[in-house]
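In order, the protein sequence lines correspond to chains P and W. Under this note's numbering, the first residue of the first sequence carries the number 805, and numbering increases by one thereafter. Under this note's numbering, the first residue of the second sequence carries the number 805, and numbering increases by one thereafter.
Among these hints, one or two may not hold up.
Note that the list lumps identical chains together, so a pair holds whenever it fits in one copy or between two copies.
With a straight-line cut-off of 25 Å between C-alpha atoms, the simulated SDA-like cross-links for lysine to any residue are [unchecked claim]:
#1 Lys908 - Ile863
#2 Lys838 - Lys926
#3 Lys908 - Val922
#4 Lys926 - Gly901
#5 Lys898 - Asp830
#6 Lys838 - Asn810
#7 Lys871 - Asn900
#8 Lys819 - Leu884
#9 Lys871 - Asp858
#10 Lys838 - Phe865
#11 Lys926 - Gly815
#12 Lys896 - Arg921
#13 Lys898 - His828
#14 Lys871 - Phe856
#15 Lys898 - Lys932
Simulated from the structure, these hints should not be mistaken for lab results.
Number of protein chains: 2
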Amino acid sequence: MDEVWNQKNSGKVEKYIHSKYTIHLDTADPWEGKTLTHLEFKERLQHSFNAFPDMHFEITFAIEEEKHVAITWILTGTNLGVIGGFPPTNKKIKTNGITIYHFKENLISGHTQVFDRVTVAKQLGFVK
Amino acid sequence: MDEVWNQKNSGKVEKYIHSKYTIHLDTADPWEGKTLTHLEFKERLQHSFNAFPDMHFEITFAIEEEKHVAITWILTGTNLGVIGGFPPTNKKIKTNGITIYHFKENLISGHTQVFDRVTVAKQLGFVK
Numbered sequence: 805m806d807e808v809w810n811q812k813n814s815g816k817v818e819k820y821i822h823s824k825y826t827i828h829l830d831t832a833d834p835w836e837g838k839t840l841t842h843l844e845f846k847e848r849l850q851h852s853f854n855a856f857p858d859m860h861f862e863i864t865f866a867i868e869e870e871k872h873v874a875i876t877w878i879l880t881g882t883n884l885g886v887i888g889g890f891p892p893t894n895k896k897i898k899t900n901g902i903t904i905y906h907f908k909e910n911l912i913s914g915h916t917q918v919f920d921r922v923t924v925a926k927q928l929g930f931v932k
Numbered sequence: 805m806d807e808v809w810n811q812k813n814s815g816k817v818e819k820y821i822h823s824k825y826t827i828h829l830d831t832a833d834p835w836e837g838k839t840l841t842h843l844e845f846k847e848r849l850q851h852s853f854n855a856f857p858d859m860h861f862e863i864t865f866a867i868e869e870e871k872h873v874a875i876t877w878i879l880t881g882t883n884l885g886v887i888g889g890f891p892p893t894n895k896k897i898k899t900n901g902i903t904i905y906h907f908k909e910n911l912i913s914g915h916t917q918v919f920d921r922v923t924v925a926k927q928l929g930f931v932k
């Protein structure tokens with residue numbers, strides 16, 4: 805989360821991410837249900853970084869099992885690029901989410917995620 | 805989840821729920837941030853059962869640590885009562901969520917939860 809997402813260092817993808825990365829659940833994510841290669845994972849990163857160049861995850865809580873880690877997080881960022889077909893709003897977002905990371909061969913092989921999209925839609929002015 | 809929420813048996817609250825139950829995170833839940841007594845927990849149950857008398861949680865995945873359990877679930881139900889100040893829509897909902905249950909003295913002492921409210925708002929016709 806810190807090196808890849810917060811520091812925007814896509815060069816670290818191979819270090820942490822399995823070459824087959826499955827997005828088990830992530831509603832409205834264009835890649836939901838798909839299994840991504842490293843290249844596709846980097847494209848997905850870039851898609852997010854374009855929309856929110858300063859996006860930052862603060863991990864607030866974590867629990868772990870042998871093959872899984874669940875984290876709660878607060879995402880902040882400024883919408884400076886296209887998202888969901890909408891032009892940039894220049895507005896700031898702050899929202900909560902929970903992600904379960906799945907591990908395979910000591911690498912992160914996928915995730916199951918839900919986050920508070922209502923709050924984001926309100927902050928960007930898409931809904932009242 | 806099965807006995808209390810799915811079977812709507814609020815008599816089982818004392819068996820599973822700590823007398824101080826804290827809702828750490830549950831956006832838009834009227835009780836978010838509060839610590840509930842058993843009586844208040846039952847009132848919150850009734851609030852949900854009134855809105856969705858047939859509400860049902862299907863647990864799809866779980867991971868556990870000593871003092872915490874994270875579960876992913878699918879909630880289904882029919883909106884036959886007031887919710888968020890809106891009259892009943894008679895519409896069905898189906899949505900995903902992740903809950904982390906916190907344990908204390910072998911009882912569930914609280915939760916941290918995020919669920920897909922956008923999908924529910926669309927299914928009830930509150931947003932397009």
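Verification of the hints:
no. : hint            : verdict
1   : Lys908 - Ile863 : both (22 Å within a copy, 23 Å between copies)
2   : Lys838 - Lys926 : between (28 Å within a copy, 24 Å between copies)
3   : Lys908 - Val922 : neither (32 Å within a copy, 32 Å between copies)
4   : Lys926 - Gly901 : both (16 Å within a copy, 20 Å between copies)
5   : Lys898 - Asp830 : both (18 Å within a copy, 15 Å between copies)
6   : Lys838 - Asn810 : within (23 Å within a copy, 32 Å between copies)
7   : Lys871 - Asn900 : both (24 Å within a copy, 22 Å between copies)
8   : Lys819 - Leu884 : neither (29 Å within a copy, 50 Å between copies)
9   : Lys871 - Asp858 : neither (30 Å within a copy, 34 Å between copies)
10  : Lys838 - Phe865 : between (27 Å within a copy, 19 Å between copies)
11  : Lys926 - Gly815 : neither (34 Å within a copy, 39 Å between copies)
12  : Lys896 - Arg921 : both (14 Å within a copy, 20 Å between copies)
13  : Lys898 - His828 : both (24 Å within a copy, 17 Å between copies)
14  : Lys871 - Phe856 : neither (30 Å within a copy, 35 Å between copies)
15  : Lys898 - Lys932 : both (16 Å within a copy, 23 Å between copies)
In summary, the numbered hints that this structure violates are 3, 8, 9, 11 and 14.
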